[in-house]
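Enquirer: Sequence:
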Amino acid sequence: MSGALSVDHSFESLYKIYTPVVVAWLVVRVESNMVEDLVQDVWTVFYRRWRTWQQPPEMNSPAARPVLSFLFRTVHLTAKAHHRGKLVHEPIEEHDPTDHTAPQRLYETLTLGRCLELARKYCCPPTQENMARPWKTACEPARRVT
57 MSGALSVDHS FESLYKIYTP VVVAWLVVRV ESNMVEDLVQ DVWTVFYRRW RTWQQPPEMN
117 SPAARPVLSF LFRTVHLTAK AHHRGKLVHE PIEEHDPTDH TAPQRLYETL TLGRCLELAR
177 KYCCPPTQEN MARPWKTACE PARRVT
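Positions in the sequence shown are counted from 1; adding 56 to them yields our numbering.
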């Protein structure tokens, strides 16, 4: 078979052609200090798959770009795995709210709001005024209440 490249030679050709593209894709997805390592990860995955690559007949058209498509998908999944791995190392304490009563206060505020909404809808104005009085009193200075 003259003109046919071995798997290693064809991989080397693709590596030379597409490495700048892979680098460009990773530069916008991960930290700059991780690009070189992740480029190697992408090409390692690609090489393993390239050794057994069988191109379907529908990919023989000039418009089809199966190598580029596979590389892009590999870059995407490699970057995604990299970001997922970073989350494992973040301490959970940094994500805990410092005020542990916030959910309860939110629930109470929503309940109070719903009660007042129902009172406005179903109660007469004097009853509404009496219901709102404790909150008004609580908000006034002590000397005005007495």
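Just to be clear, a hint being listed does not mean it is correct.
[Unchecked claim] Okay, the calculated beta carbon distance ranges per label pair: (1) 116 - 92: 32 to 38 Å; (2) 89 - 160: 28 to 34 Å; (3) 112 - 133: 27 to 33 Å; (4) 129 - 90: 15 to 21 Å; (5) 124 - 173: 56 to 62 Å; (6) 141 - 76: 23 to 29 Å.
It should be emphasised that the hints constitute simulated quantities derived from the structure, not laboratory data.
Idealized CB from N, CA, C, for every residue including glycine.
Enquirer: Hint by hint, which ones does this structure get wrong, listed from lowest number up?
Expert: 2, 3
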